[in-house]
Amino acid sequence: LILLGAAARQSLADEFNSRRIQPDTTHPRYWQYHGQAVLLLGGTKDDDLFQIPDLEEHLDLLAKVGGNYIRCVMSGRDKGSVWPFAQAEDGKVDLTRFNEEYWKRFDRMLKLTHERQIIVQVEVWALHDFFSGRWAANPWHPDNNTNYALAQSGLRKAYSGPSKVRHGFFVTVPKLKNNGVVLPHQQRFVDRLLASALPYDHVLYCMTNEIHPLYPPEWGWYWADYIRQQAQKQDKQVETSEMYWQTDLKHKRHRQSIDHPELFTFFEASQNSAIKGQSNWDNLQHVWHALAKRPRPINHTKIYGADMGQSWAGKDRNATARFWRNMIGGSASSRFHRPDTGMGLSAVAQSHLRSMRMLAAELDLFRCVPDSTSRLLLERNPDEAYLTRIDGEQYALYLPAGGSVQLDLAGVEGAFSLRWLDISHSRWLAPQAIQAGQKVQVTTPGKGHWAAVIKAPGSSKTRKPR
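Adding 66 to a residue's 1-based position in the sequence shown gives its number in the numbering used here.
Honestly, the hints are just simulated from the structure, not real lab data.
All values derive from a computational prediction rather than experimental measurement.
In this text, a Cβ means the ideal position worked out from N, Cα and C, and glycines have one as well.
Treat the hints with caution; some may be incorrect.
To be verified - Simulated DEER-style distance windows between Cβ atoms:
{"no.": "1", "residue 1": "303", "residue 2": "73", "range": "17 to 25 Å"}
{"no.": "2", "residue 1": "78", "residue 2": "476", "range": "51 to 59 Å"}
{"no.": "3", "residue 1": "326", "residue 2": "280", "range": "15 to 23 Å"}
The task is simple: from the sequences and hints, build the whole structure.
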């Protein structure tokens, strides 16, 4: 009976691991879920989405317009949000006891997203909950809990902005400060998170939101290993990553993820969305090639930019262009950041989600290779057009603001069809015939965002993305 029970448990674990979200077995730069390749697209009005009151309605709208991907920061700082720990009799919190309302909300989000096959990317540590006035209200602050005093904790009473001084909370792990006072409580929090999340097969794990260069990489490495070990105790596998502060993906800091595939099984590139124009594409392509020896999915769990937002983040047009550069550029996921530094699930964002699904239905993105240096695009200005392709079979161009470029099909023979996608209105135009074996002039039918799909006769997708 013991052997039969062990065999049954192993069988269940094997089934879980085969169906869970993971790099695709055929095209490891993309995700698969329930054994099928999947493109992850999203846009939501908040980043700690489990805390919002109208969660179910928001998820339904996301799914309706083609979204299947959300970000979930384990935060508690926003108005209307709750913290993860229970209050003691003196009004402080007890880090050894949990606030059931917080975890009830988290559990509900996991259930609702699982029912809709919406992938959840959790960020375990909400860095921006720990600085300036937010630290004073944080339950991890020694003044706010019953578990440790300021002197013994290794923490300070006040911290200014995250780039000013190193916060003791983010150096507690054994290879850094080995803080035996705070670390056990951090482990207990992560264990509670995993108690809710590990039963589900649709969760990705990112360690920190924008961990700053003040903090050595051992912080993220430790927590990725910890989570993977806790999952392994249940014979489960999980995917882990880290999000670094640096907006320049060419910065050496990002090698701390690229060079550690044993810990970080996908690359989180969200900070690249602070970069505009051609450089946004070039930096993404740098990472795409840096991962060539061990291809992994590149995720963008947030894309900055909104007309009503902060100037550094850019406008709607910057956000939507970043979204399309990401996917044409070989990324596995793209999600519009929450307002006011992102578009969330605005009407404009909805149109772009729909249009990306329309493009993916006509193009085998999983087999496509981005034209990183735009070698096949002639008479092109910087940031005018971008290309991905399956040579001789399928080509897709994206033009952020209309325009006209030449596509070099001189090495290809035969007749092709060209079809324009009016991205802003989510509609296809009638197909037109073009002849390969030459340089073909490709001119958008109007201004604004356009995509073109050029296909050889009989060229079809091998697998339909979800």
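Okay, the hints, checked on the actual structure:
For residue 303 paired with residue 73, a C-beta distance near 19 Å keeps the hint of 17 to 25 Å intact. Our hint of 51 to 59 Å for residue 78 and residue 476 holds, since their Cβ atoms are close to 55 Å apart. Between residue 326 and residue 280 the CB atoms are about 20 Å apart, so this pair conforms to the stated range of 15 to 23 Å.
The structure is consistent with each of the numbered hints, conforming to all of them.
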